[in-house]
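Number of protein chains: 6
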Amino acid sequence: MLRFPLARTATVSAHCDLPCGVYDPAQARIEAESVKAVIAKANDSSDPDFRTRAVLIKEQRSELVKHHLWVLWTDYFKPPHFEKYPQLHTLFNEATKLAGATGTKGTMDAEAADSLLAKIDEIAEIFWETKKA
Amino acid sequence: MLRFPLARTATVSAHCDLPCGVYDPAQARIEAESVKAVIAKANDSSDPDFRTRAVLIKEQRSELVKHHLWVLWTDYFKPPHFEKYPQLHTLFNEATKLAGATGTKGTMDAEAADSLLAKIDEIAEIFWETKKA
Amino acid sequence: MLRFPLARTATVSAHCDLPCGVYDPAQARIEAESVKAVIAKANDSSDPDFRTRAVLIKEQRSELVKHHLWVLWTDYFKPPHFEKYPQLHTLFNEATKLAGATGTKGTMDAEAADSLLAKIDEIAEIFWETKKA
Amino acid sequence: MLRFPLARTATVSAHCDLPCGVYDPAQARIEAESVKAVIAKANDSSDPDFRTRAVLIKEQRSELVKHHLWVLWTDYFKPPHFEKYPQLHTLFNEATKLAGATGTKGTMDAEAADSLLAKIDEIAEIFWETKKA
Amino acid sequence: MLRFPLARTATVSAHCDLPCGVYDPAQARIEAESVKAVIAKANDSSDPDFRTRAVLIKEQRSELVKHHLWVLWTDYFKPPHFEKYPQLHTLFNEATKLAGATGTKGTMDAEAADSLLAKIDEIAEIFWETKKA
Amino acid sequence: MLRFPLARTATVSAHCDLPCGVYDPAQARIEAESVKAVIAKANDSSDPDFRTRAVLIKEQRSELVKHHLWVLWTDYFKPPHFEKYPQLHTLFNEATKLAGATGTKGTMDAEAADSLLAKIDEIAEIFWETKKA
Chain X
12 MLRFPLARTA
22 TVSAHCDLPC
32 GVYDPAQARI
42 EAESVKAVIA
52 KANDSSDPDF
62 RTRAVLIKEQ
72 RSELVKHHLW
82 VLWTDYFKPP
92 HFEKYPQLHT
102 LFNEATKLAG
112 ATGTKGTMDA
122 EAADSLLAKI
132 DEIAEIFWET
142 KKA
Chain C
12 MLRFPLARTA
22 TVSAHCDLPC
32 GVYDPAQARI
42 EAESVKAVIA
52 KANDSSDPDF
62 RTRAVLIKEQ
72 RSELVKHHLW
82 VLWTDYFKPP
92 HFEKYPQLHT
102 LFNEATKLAG
112 ATGTKGTMDA
122 EAADSLLAKI
132 DEIAEIFWET
142 KKA
Chain Y
12 MLRFPLARTA
22 TVSAHCDLPC
32 GVYDPAQARI
42 EAESVKAVIA
52 KANDSSDPDF
62 RTRAVLIKEQ
72 RSELVKHHLW
82 VLWTDYFKPP
92 HFEKYPQLHT
102 LFNEATKLAG
112 ATGTKGTMDA
122 EAADSLLAKI
132 DEIAEIFWET
142 KKA
Chain V
12 MLRFPLARTA
22 TVSAHCDLPC
32 GVYDPAQARI
42 EAESVKAVIA
52 KANDSSDPDF
62 RTRAVLIKEQ
72 RSELVKHHLW
82 VLWTDYFKPP
92 HFEKYPQLHT
102 LFNEATKLAG
112 ATGTKGTMDA
122 EAADSLLAKI
132 DEIAEIFWET
142 KKA
Chain D
12 MLRFPLARTA
22 TVSAHCDLPC
32 GVYDPAQARI
42 EAESVKAVIA
52 KANDSSDPDF
62 RTRAVLIKEQ
72 RSELVKHHLW
82 VLWTDYFKPP
92 HFEKYPQLHT
102 LFNEATKLAG
112 ATGTKGTMDA
122 EAADSLLAKI
132 DEIAEIFWET
142 KKA
Chain Z
12 MLRFPLARTA
22 TVSAHCDLPC
32 GVYDPAQARI
42 EAESVKAVIA
52 KANDSSDPDF
62 RTRAVLIKEQ
72 RSELVKHHLW
82 VLWTDYFKPP
92 HFEKYPQLHT
102 LFNEATKLAG
112 ATGTKGTMDA
122 EAADSLLAKI
132 DEIAEIFWET
142 KKA
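Residue numbers (this note's numbering), protein chains in the order written: chain X, 12 to 144; chain C, 12 to 144; chain Y, 12 to 144; chain V, 12 to 144; chain D, 12 to 144; chain Z, 12 to 144.
Accuracy of the hints is not assured; some may be wrong.
[Claimed, not checked] Simulated pairs of lysine-lysine, DSSO-like, Cα-Cα distance not exceeding 27 Å:
1) K108(C) to K89(Z)
2) K95(D) to K108(V)
3) K52(D) to K89(D)
4) K89(V) to K52(Y)
[Stated by the list, open to error] From chain Z, some residues computed to sit far from chain V (all C-beta separations above 12 Å):
5) D55
6) D60
7) R62
8) D86
9) H92
10) Q98
11) L102
12) E105
13) K108
14) S126
15) E136
Calculated from the structure, these hints are not laboratory results.
All values derive from a computational prediction rather than experimental measurement.
Glycine included, C-beta positions come from ideal geometry on N, C-alpha and C.
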């Protein structure tokens, strides 16, 4: 019996407010998982070229995490959402800061990737609540 | 009680083969849903500037559908997959052709968007089968 | 006698916190002025191809406005700033929403461009205050 | 009393010749300052991952310097400008070559960044002269 | 008997001056041919959505023409070339201006595309002369 | 006597099927030659920053190889071509996999670049055959 999460996701996330179209925090999460996977692979390797590529790919993926989160924050969420969830602004700001790997945490820190995923999950939880409302 | 599809998706789609990282056909599907939504909105509107923007956004989203599918085809699927699923090459070629809105179907055809979604679902079904294997 | 605003701007805006480097709200403002200029030109023209290009270019410039603002919001401003200027989150959210020309204002509305410029100026005022601090 | 260079810059740089819109050498200068800042930070660090990111970010910023200069050279400056300022072609060619860090100067040379800034300032000086004309 | 221009082109165009690598004016020409083809198709069509897409694609292709030409001008050609071919600066400036379809020629003018191709051929002729030198 | 491959290439490669316009495998080949040149330069150098840039540029060029090949596979080649050349799907899949430097070959392997060029030549040979048909 086939497991098929896509069809269900699609049903829920359909949203059509041109120019924004369809929103889904999964886009940010997939890229953030990629960041985490790249960090793990890089820390397991001793090949300097491999590590260079890992840093480069991590940088690109982090940019995509930031972009997808920014789009949600600006295009999907509306003033009533920010009223109902006053933590939303800070949540997005912290999540995108984590995605940028700013601060003193260093760029190959697996825990930073986990914190990023946790923040995205918090955002996604609110997102899906607003879709049900 | 909160519905939360992301966490589950994440568990399943984790895949770490640098430089590819994490694959998920949801990326292509989200963009294809966006294409479909844009077409519907455009066909409901009589504002020419709105339609221009719709054509433009649809073009960008279709490019992303193609890109995400190409990445799956090249980076995720391996020779044994193509042996087990001999239809895979044609499936991807047809799906990306549909995403490019080539052929005589015209650029604002809702049925083309549905065909594209159906192709992506076929690909996703195979994708999730290979993940279970 | 030569007027030369660049050198002075440079002195003030120097900021070096890799990965962010140098910040300047002028980047967002230049693109927003471009949006305004494109709208004016488009509304003066009756050539449909010209208008199509105007819509397209306006879309690209608006994306750049959003991007430059998002970078400021995530990478330059830090928690103490948000504490001191509690309106900052809303200001950025409204500015990027305006840049996206969301809402019911339509895409060729000169007043929306003026509102966007005014929001960017509010942000810039706070930005330069924080640089002096 | 608030210092506010943006508003003034905006007044001067308004320019509306679709498809080019608004020009301002500040765009190139901001990115070039970023290049300089990145070089300084990289040379102060002994973390190889940090340095990799610095090289990567410097590369992206240099590309943006080149792009903004190319746009000025092709889209803003017209034949009468090149007649009045016969050094303009060489100035732009040298500035973009410096931005590309070609030649034998190496990629982390702070002096190359200073030379680049000086070239951009020469271009900006001519630019603002032509705006007054 | 197979015609195979690629292999020969490759032999001639090999050039390895990192960061520039391999140069070939064919890159600009292919995109310029695409511009010309798009103009022809657009002028043959009465479908407004098709024309919108044509304007959009033409814009993207023109950007690529400009980019490839700028790279040649900045990265391939060196001071001795500009001394030997004093017309080179003007040639590149005019070619990129044509690619930008600036001026009063309008955006769907087949003759502008032909002029662009002719300029690129002039550049290519000089390029191949310098490769033989 | 001037050698001038461009004009001839242009004659042959003209192809106008909007939205695709003009196809030419030379686009992929030029980028693949660049990949090869970058690998050679990197392997000759002992400067770690230079090597970082080489890895970065190689990554970008490889992406372009993949992109140009994907476009050919999806937009140029049609079902009758795949029927006549049943090896085409595998050829493109292998070529793009090589461009992605997947597998165990490592990222600075000159032989992988040669294999990539050979695959592109096989594709180009079929491409030019279909143009003559």
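Comparing the hints with the structure gives:
The straight-line distance between the Cα atoms of K108(C) and K89(Z) is roughly 9 Å, inside the 27 Å bound, and the hint therefore holds. Only pairs whose Cα atoms come within 27 Å are accepted, and K95(D) paired with K108(V) is accepted, the gap being roughly 19 Å. Between K52(D) and K89(D) the CA atoms are separated by roughly 39 Å; this puts the pair beyond 27 Å, and the hint is violated. Our distance criterion of 27 Å between C-alpha atoms is met by K89(V) and K52(Y), whose separation comes to about 20 Å.
A cut-off of 12 Å between C-beta atoms confirms that D55(Z) is not in contact with chain V; the least separation is 15 Å. At roughly 5 Å from the closest C-beta of chain V, the C-beta of D60(Z) falls inside 12 Å, breaking its exclusion from the interface. Non-interface status of R62(Z) relative to chain V is broken: a Cβ of that chain comes within 12 Å, the nearest being about 10 Å off. With a least CB separation of 27 Å from chain V, D86(Z) remains clear of the 12 Å interface cut-off, as annotated.
No Cβ of chain V approaches the Cβ of H92(Z) within 12 Å, the least distance being about 37 Å, so the stated non-interface status holds. Chain V leaves Q98(Z) outside its interface by the beta-carbon criterion, the shortest separation being 38 Å against a cut-off of 12 Å. With a least beta-carbon separation of about 33 Å from chain V, L102(Z) lies farther than 12 Å from that chain, consistent with its non-interface assignment. At roughly 29 Å from the closest C-beta of chain V, the C-beta of E105(Z) stays outside 12 Å, upholding its exclusion from the interface.
The claim that K108(Z) is not at the interface with chain V holds, since no C-beta of that chain comes within 12 Å of its own (minimum 25 Å). With a minimum CB-CB distance of about 27 Å to chain V, S126(Z) clears the 12 Å threshold, and the non-interface call stands. With 12 Å as the threshold on Cβ separation, the claim that E136(Z) sits away from chain V holds: the shortest Cβ distance comes to roughly 35 Å.
Violated hints, listed in ascending order, are 3, 6, 7; each of the other numbered hints is respected by the structure.
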